[in-house]
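Trainee: If you want the building blocks of each chain, they are given just below.
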Amino acid sequence: MKLSLSWMKDFVNIPEDMDLKKLAYDLTMSTVEVEDVEFLARRFDHMVVGVIEKIEPHPNADKLRVCKVDIGNGEIKDIVCGGINLEEGMRVAVSCPGAVVRWHGEGEPVVIKNSKLRGVESFGMICASDEIGLGDLFPASQEAEILDLSDFDVPAGTPLADALDMNDVLLEIDNKSMTNRPDLWGHYGIAREIAALYNLELKAIKPFETDVQSDFKVEILNPDRCRRYIGVEMSGVEVKPSPYQMQSRIWKVGMRPINALVDITNYVMLATGNPTHAFDADNITDHIVVRHAAEGEKLVLLNEKEIDLNPDDLVITDSEGPVALAGVMGGAKDSILPKTTRVILEVANFEAAGIRRAALRYDTRTEASSRYEKSIDPDRCDQALALSMQYFQELYPELQVTGYCDQYVKKLENSEIDVDLTWLEKRLGKHLTDEEIRGCLERLGFQVEMNGASMHVTAPSWRSTGDISIKDDVMEEVARMYGYDNFQATAFTTAFTGAINQKDKSLIRNIKEYLAVRCGLQEIYTYPWMNDVYVNAVLQSTEGVLKLSTPPAPDLSCIRSSLLPNLCEAVAKNERYFNDFSIFEEAQVFFDKNYSSPYDSTESLPEQRRHIGAAFASSVKDVSGLFRETKGVLEYMPRYTHMEAFTFRKEEKPLWADHVVWLNIYLGEEKVGDMGLMAKKVSMECGIKNLSVMLFELDATKLKPLKSRTNKFAHLAEYPETDYDISMLFDSGAVWNDIYDAIVGQKKASALLKDASFVDEYRGKQIPKGKKSVTIRLTIGSDEKTLTSQEIESAANQVMKKLGKKMGAELRTQ
Amino acid sequence: MKDKINGILSEVKTKISEAANENELQNVKSAYIGKQGSLSLLMKELPSLDAALRPEMGKLLNQAKNQVTELIDAKRMELKLKASEVSPDFDCSVPGTLPPGGGLHPITQMCYDLNDAFRSMGFEIFEEDEITSEMYAFDKLNFPQNHPARESMDTYWIEGHDSGSTNEKLCLRPHLTGGSVRYMQTHKPPYRFVYPGRVYRNETTDSHHERAFFQYEALIVDKDITFTSGKVMIKSILSKVFGTDVPVRMRSGFFPFVEPGFEIDMECQVCGGKGCSVCKHVGWIEVMPGGSPHPNVLRAAGLDPDEYTGFYVNIGLDRLVMMRYGVDDVRLFHSADLRFLKQFR
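The listed protein sequences derive, respectively, from chains A and B. The opening position of the first sequence corresponds to residue 1 in my numbering, with each subsequent residue numbered one higher. The opening position of the second sequence corresponds to residue 1 in my numbering, with each subsequent residue numbered one higher.
If you are wondering where the hints come from, they were derived from the structure by calculation, not from laboratory data.
Result set (DSS-like, lysine-lysine): computed pairs, CA atoms no more than 30 angstroms apart in a straight line:
#: 1; chain 1: A; residue 1: Lys176; chain 2: B; residue 2: Lys274
#: 2; chain 1: A; residue 1: Lys2; chain 2: B; residue 2: Lys280
#: 3; chain 1: B; residue 1: Lys188; chain 2: A; residue 2: Lys503
#: 4; chain 1: A; residue 1: Lys22; chain 2: B; residue 2: Lys235
#: 5; chain 1: A; residue 1: Lys689; chain 2: B; residue 2: Lys342
#: 6; chain 1: A; residue 1: Lys702; chain 2: B; residue 2: Lys188
#: 7; chain 1: A; residue 1: Lys2; chain 2: B; residue 2: Lys274
#: 8; chain 1: A; residue 1: Lys21; chain 2: B; residue 2: Lys274
#: 9; chain 1: A; residue 1: Lys712; chain 2: A; residue 2: Lys754
#: 10; chain 1: B; residue 1: Lys188; chain 2: A; residue 2: Lys430
#: 11; chain 1: A; residue 1: Lys2; chain 2: A; residue 2: Lys206
#: 12; chain 1: A; residue 1: Lys704; chain 2: A; residue 2: Lys593
#: 13; chain 1: A; residue 1: Lys769; chain 2: A; residue 2: Lys801
#: 14; chain 1: B; residue 1: Lys2; chain 2: B; residue 2: Lys65
#: 15; chain 1: A; residue 1: Lys805; chain 2: A; residue 2: Lys754
Bound conformation, chain B alone (with noise of 0.2 angstroms):
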């Protein structure tokens, strides 16, 4: 008897440890300790044995029983956890689901990632009411009364405030420029700060001109500066946008609220400065103008020109934007059509 079940044992575990899945397991089960197990079987034997050997076999039926039950036991839990929650046919190639789709406007997306770049600098952000007077347009600015800019920056006027002297006109302001004049009025010196914002010009729209549209105006002014800083302002603005750093130039320009003032080209991101259609074959595409605030300009605000000076860009973010995903109609920007907007994340 005592072989029979060492046999039986062997026997068992060898096909324990074959058993591939939960039901071989189970049918091993049956096979040795079910109702008609050879285990339970044997247990039935028993009662034929020599009074003398019963308790110890009956103990050892018992142990084997026991033992059994523990390595199927052992097996099921090993099973268990090699096996996946779901059928091997499972398509991991299907796509995910989409997560709640909002975004900011690639405009704003623009902005907040230069204002980053800029407060890393140490500026402030400012902001200005939209309606100024033409004061604060043009006067302040240095623009003189019969400036031609007055007429072909078309401007938006506001019916009932739209004649008068300049401080009695009021309109949509055609740039930033004269709300930082604002912003020097009512701070200390020196300054650093941006001032992102739209402006609005009265103009005909095509797909490259807006009434509509966004800059990005930066400002320093301090005791000994000099224009050379204007680059590592210029820089910071566009190796944020583009990701590298882009090769710029400035050059002689005429604005009446600068002096020196500057044209700022950077190289064509499209054909990398060697000339294609984009950059009208010189490599070069005009960005932003720039320049050392005018000395009418620092008065203006309040300031001794001698003694302060400062730098001065003002870009407008609806081209960068354009030339950095290839836009190409700036009114799509103002179009509220969610078609356009969420490709931008």
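The shape of chain A in the complex, shown without the other chains (with noise of 0.2 angstroms):
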């Protein structure tokens, strides 16, 4: 919302020499946030009212022409223009050089400058009205109209802002900040709001006042929806330009004046934030009765939408049927027409849902709806009925009332309050004496009473909408009144009971930083919700899938059960700039199924998980190197964020899994996860073009943190331990887990065996098909001596022997 200034001048004694910039900060920190200052006269800098003297054709060109223009102080300056409308004696607007305009009044804004048009010299610019930002206040006829500013007498150099009425301030408010204060929705309820922070004098309305007779009458059958409705019938009207400064001020807070009768509605709503609507008295059959719509009904609004009307709609109507959806839009028919010559004006208070509810309905928010919508309190119609018929009076000298009819079914009752002093004092955490917290609420329009430990306050009935309901709410009238920067920070104090301990959440921290900082990985972000590619090529299947009722793209309405279709997409995007990479990402991922209501039991929300997912990427690995580096991520994960051990086993295969390389990843007996090579055609279909992917998944829902951690210490050995290594040929099919298990088992290879580890495996040159050569690290020692080195070999021997027993491996030879 936009202020002037000028305007809330009107209703209260803002000192001349108000620093706007402490203005703006003081509503800032206290009511509404001001965003922004505008000083509008800056807007026509260098801008001068110039008086053409004459007009001469331009030698180069047959549109434009040359006119001698005063400026002021006798200067008399060229300048070319292709206004159609240019004649002697003519009043202009000049830009002259460092003015700033817009060319057609489109584009971006343009510094004037002196300048050669078809090699004539020009001082500046003479302006159409929308290349000064004037288009609405001064709407042109015709393309290339020139703004005729004859009716101005001012003389020649005059600057533009002085003759306009341009030395004005625009605060502009943030309406986000004012939703919960109907008060303040107009310059009225603003100033009013400066008057409490400054403790300055609010200017009093004078009442509207009338002694007519007639049968004139308003009826209201829904008074839960209109609390109030006043009727004022008029005759002597004309529908013409209202003056200038009541177009100008319509203007400067962006809105268009249109015609008297309309601009004194919209002026009127502006000042007191009530709207007030004028229909065509003549197009008003018998009496105006308020009432919800009936079935069938129709109406053709101002803006020539007709609409079916619902009985949920309140509706102004006259004996014919509908002429207004009330609080929201007139109709077109009865509304003010250019033949107007007697109204109705209408300033009237109406139930914010119900208005809410019908401008949703056939959108159609209206500057009327969005202010009924926040509950206005009825009283106001007083101050809005007074302006309109001040205005009314001023402009129609002859203007007669033949009708006037206030309909006030519903008061608003005020709120009233009790506060405990103690309780004000303990939440503010400083004490205010009684008089201190009197003048807080006083100069806002509270009525306070002060019954020892407790005060009684009622609040105004501009408070009393809903906004001010509970003790809480005087509280906050009181703390920013007093100004928050006047209470300063005090620390809180709670016992502490013991160190915060949350296994759960530490041990997803520490899965991730495992991942980041041990492994390499980079934790990525993405949407919950999945593309269909991806869905399709990852899960194969939507089942149990939720999905989103308006998702942000057709293909995106899949919300996610895994991570990997997504992890997925990230590897395809990246392949671009990366040829080896390994990515995580940690999310929520969500099932249609086991709905539950863990604290409501209306509730019902349905199953959500916590999955940390991964993929390995590379180009220049070999699948074997990959998903070593995979398995080994996952093996070392328990060791080193300590939590239960899990197991892979070799269950079932993953969708998206390579038919060969897959693991399932339990923890006991339960499935935790999955890890595996994507499968090519995964692969091909995510649109990954030479990159191979390892990808795993890990139910951290499932993960068990250990309650400490869960090192063991064992002695050092006392006697030197050695490595061994042997290599043995195998048949390609043997698995490790058989060879280690020969080796270490149960029953040990040998008694001087210590452990046995992998070095790796080979295939190819020099091995017979259908064998692989596997390199075994023994490590062999004793608790009681030092080993010879026959005594070495001699252990080495046995395991090798075993390997040749349980296995048919043979020591490799070449």
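Take each chain as given, in its own frame, and dock them per the hints.
Mentor: See below:
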């Protein structure tokens, strides 16, 4: 919402020397956010009123003319101009060098310089209204029409801002910051707040009084939706332009002047915050009735839209049917028309929620509905009526009030609240005297009765629409008026009963830090929705997958039940820049099953779990390297992140995995995840070109953190241990698990054997077909003595013998 | 002969001490105790000596030879310890090799930093599920049935759960605060916890608007807390993020779930409060809403608002991280683009 400072001065005596930056700051700190303070005249810097002395043809262009323009101080300048309505003696707006304009009202702002136009020197520019931002205030009737300021009786050289009364300051208020304060939606409301902030005098609006007697009447059939309706029937009006000050003020705050009758209603709304409407009285048959719409009724709105009314709609009707959608928009047929000479002015109060429903139902949010839907107090009608009538009488001296009816069917009760003063002091964290508290509240229009340990507070009508209803609201009023800056930060005290120990939270963090810091994976974030391409490629089914009603895009409706589709998308996207990388994501996944009500029995929430997924992608590593890297990250994860260890099994191949390279991850007898190589077909469907991709996904919800670190201490070996490598030929299908088992399984191949580990395996040259060579590192030692080389070799020989016997392994001779 | 030996000895000592490298030392060795070395030659003269002198001279010669050998060995060791393993033209300016290049997402990093700060003040960390009912997203937070925020926070509703009463309608949570009510319902006061998490709004995206973004909520509920305690929480967050004490101000703001409510601004870190294009020339940047939980919210959580009160802040981490590092497009956070993510360590 924009506010004009000069307009607010109609209602409050703001001192001339008021620091406007401070005003904006104070309003921002205590009431509403002032987003901008604009000195309006700056838009018209270097612009003056010029008088065209003489018009001559342009020597080189038919459409251009050269004007000799008096720009004040006796200076006559040549200005080249293409305007079609130029006349000698005309007052025009001249942009001198330095002024900022927009060519033809479009595009970027341009700074005017002296220039040559088709060979003729031109000093600045004679402007059309839209070139200097005044298109809405002075609409041009045709193209290339110059702004004619002949009606403004000012001498040549008068700064344009002075001539057009633009020496004003505009405050731009963030609407979001006052959705809870319907009383502030208008110049009067903010003026009232400024008066309270600075203890200034708020000027009273003289109430409208009439003693007209007639049979004009208004009926309200649904008082729940309309607390008050004032109708004023008048004759002696006509459609004509409103006075310049009214037009310019309407324009300054962002609306468009139309004609005097419409302008008065808009002006009063902008001034008081209470919308008003005017009907053509000749079109209203019988009298006005405010009621719910009947089934089947229709109405053509002012914006030409025909709507089928809903019985929930509140409408203004005459005996022929609806003439307006109450509080939202008038009807096209019965509002102000070009020939209007008699009007019925509506100053009314409608119930907020109903207005909101109607505006939404017909997608018609208007200046009026957006104010009504915030809940206006019905007493404000008095101000709106008084101001309206003041302007009607000023603009139409012949005006006669022929009918008046104020139906005030449901008064609003003022909020009354008792506030315990000890409570107040505790919450404020500061002692304020009774007088300080009273002062803060009374300036805002509250009535305060101090009763010793408590006070009884009565909110003014304009704060009783829901805004002030509990003692906390009163506390806020005291605090903001006292000034939030005047409260010091105070430390909070709470007894510590023990160290915070959240194992589950720590485990997820440990895993993420392990992956990122120790294993070199980069964490990524992706959206919770998945692209259909990756869903089809990776999950291959949408069964049990939840979907969004209104997804960001049609192919993004599935929300994730697995992290892998989005990881695959991320791999595909990064392939362009990287050929060897690993990424992981930790996020929530959702399943359309196992609904439960952990917090409220009436609620039913789907199954939601936390997963950790990772992708290892490389076009430079071979599959076995990539596999061992991935498996290594998983194998060492429990050890480094302090959780119960998991095991690998081959039970059920993940749909996305290669036929050979995959494993299921088990914690005890429960499956907690999968790992595997992405199948070629899946890769291709994901648009991954050259990368081999290993994936894993763990259900972090199922992982079990250990209560404490479980490192084990073993005495340092007293006698040296020796590593002894052996290479043996095995059948190509032999697996390490069996080899290991044969060496150090239930029965150790040698009593001196401490451990065995895999070094590498090799197939190829020098190895017979159907065989592979496996290099095994044996750790050999004794707790009793240092072994001789014969003893070491004999232990190794025992291992080789056992491998030969159990697995048919032969010593590699070549 | 004795003189000769002593002459040679003193000569060889000088030579050894002058030898600058292994090569020169080798030359000295062969010049004196090699086959044709001067001491070896003297040895050959022994048989021609008077027999009575022979044993003494022989002994002297052997001693001299041993002494030279020892000196040479000592010198060799000395040279060896002095020398570098590499040639003197070794280039120390070549860059180091990169350790494995992983990292946490910049928002996770910030979130963990904040968790550490709050834990040190005795706060728990709370996490909640992302799909919630409208009842917890709005009703329990004192949003009236027709409150505009129910629409303005354009919510992602779940298909098949997008109509009916508010306990039946499910959505991706539009903010975290509803989850805080769940915490309060299931724990005993006093509370102090932080609640990091991702929230979702159905919006058109651009460089400053995202559909998914990170919030960080902190809530303290106890008896006898004043809203001014909130300043301590706010300062903890900002000083952790920016590494210095950042001036903050609390000003009047309205949110249905707090009373009183605040908009909390921090001094613009780009211009230091002087005013620049980033802060729209006001010197302050709006960073978070805050306030005391509304009595109705406390009631929804099963607490007596006459007894308990508290303070709440909810900060947008994306925006803070953007400000901290000068990131100019919020969409980068969910881009999974490693060129972006690898910049944050």
